[in-house]
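S.K.: The task is simple: from the sequences and hints, build the whole structure.
Number of protein chains: 2
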Amino acid sequence: MERGLLILVSGASGTGKGTVCKKILSDMPEIFYSISATTRQPRPGEVDGVEYFFITKEEFKTWIAEDKFLEYAEVYGNFYGTPLHKIEERLSRGENVLLEIDTQGALNVMKKVPDGIYIFLLPPSLEELKNRIKNRGTETPETLERRLNAAKAEIEIGKKYQYVVVNDTVDEAVKKIKAIISAELCKTSRNEKIFEDLIG
Amino acid sequence: MERGLLILVSGASGTGKGTVCKKILSDMPEIFYSISATTRQPRPGEVDGVEYFFITKEEFKTWIAEDKFLEYAEVYGNFYGTPLHKIEERLSRGENVLLEIDTQGALNVMKKVPDGIYIFLLPPSLEELKNRIKNRGTETPETLERRLNAAKAEIEIGKKYQYVVVNDTVDEAVKKIKAIISAELCKTSRNEKIFEDLIG
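So the protein sequences, as listed, match chains G and A.
Residue numbers for the first sequence follow the numbering used here, so the first one is 1 and each next one is one higher.
Residue numbers for the second sequence follow the numbering used here, so the first one is 201 and each next one is one higher.
By construction, these hints were calculated from the structure, which means they are not laboratory data.
All of these numbers come straight from a predicted model, not from anything done at the bench.
One should not assume that every hint holds.
[What the hints assert, rightly or not] 27 Å max Cα-Cα, derived BS3-like pairs, lysine-lysine:
id : chain 1 : residue 1 : chain 2 : residue 2
1  : G       : K57       : G       : K86
2  : A       : K352      : A       : K223
3  : A       : K387      : G       : K111
4  : G       : K178      : A       : K375
5  : G       : K187      : A       : K312
6  : G       : K112      : A       : K223
[Stated by the list, open to error] Stretches of chain G that chain A covers, calculated by requiring three or more beta carbons in the stretch to come under 8 Å of a beta carbon on chain A:
id : segment
7  : 81–90
8  : 145–158
9  : 183–190
10 : 193–200
We put the beta carbon where it would ideally sit given N, CA and C, even for glycine.
M.R.: Right, dumping it as structure tokens:
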């Protein structure tokens, strides 16, 4: 059984990671979206292992102690985290997993999953990124400047990724990411079985 | 100016390299097909630099002496060869070049152009390869066996390529090769200029 692909999509805030990932998942339903674990109560209709892994605070602390989280945070008294072992379970079953994560979290994943596919989304221009942040309407000139500088620092981190995709239009960006996935599945290292079948 | 891609397509004889490459070129006219040099006379309508580079025997011998050929052969008194410096000219102008070549020639190119994209076409099965060779109708049972063994040895060489594509149907194979080209153009190492434009 060939190990699945971990496809990690990251990028500076405001580059549209969320929209792009949603489109990929709707186009490629065979790809699993990495689910977070949380200690909050499930809302009506939420299913364990679908929206979240719902676990107790004790379990969450054990997972922290066992270094099972790629990242975690406390929000209003509840814990949220990205559990690596749940991703590994799927990969080892040959399933492909999509993970959308911020730039800091991504650096952590690179260390733990060196055979992952690391894709960095870029804004078409700084001007465009400025507009996108502005259009949220919540920034003062001062915080806008601060956010832009933070974005530049994040973009610098993008140089460490294998692939960069400019998010000019969502459709074009998604098309490129699908091409990257398709190409990665053609890597010789991921097709040893084909050679075995052909020439033993 | 970002250097162009050398896309090399190879595979055991009988796997359909020619058909696949023709389709890629008709779908992606912006890609240049690597042209051979020859010492034979141009036929009516043939243009230097289009069908072939038409050169004299003296030039051909100079190019051999200057190690300019990836491979060359003499056929009925005329010389034919694949000139690397002509490929390099296009790459350095940022143009992408497609090269269809046999497995032996490809190993030679790998040494000379380490940043090329090496794609190996595989038959869907040995049975299918046998049928394709048989259908040419020119083989005796003995030569068929010999050709199959040669094909197996060639397929073994495929393990040295970056990518493998099973030529199940031409359309599917072409789709995968286009995805590989698209993905390679997204490699971070090929997009340094984008970072410069964004963050200087």
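S.K.: Tell me, which hint numbers fail for this structure?
M.R.: Hint check: 6, 7 fail, others pass.
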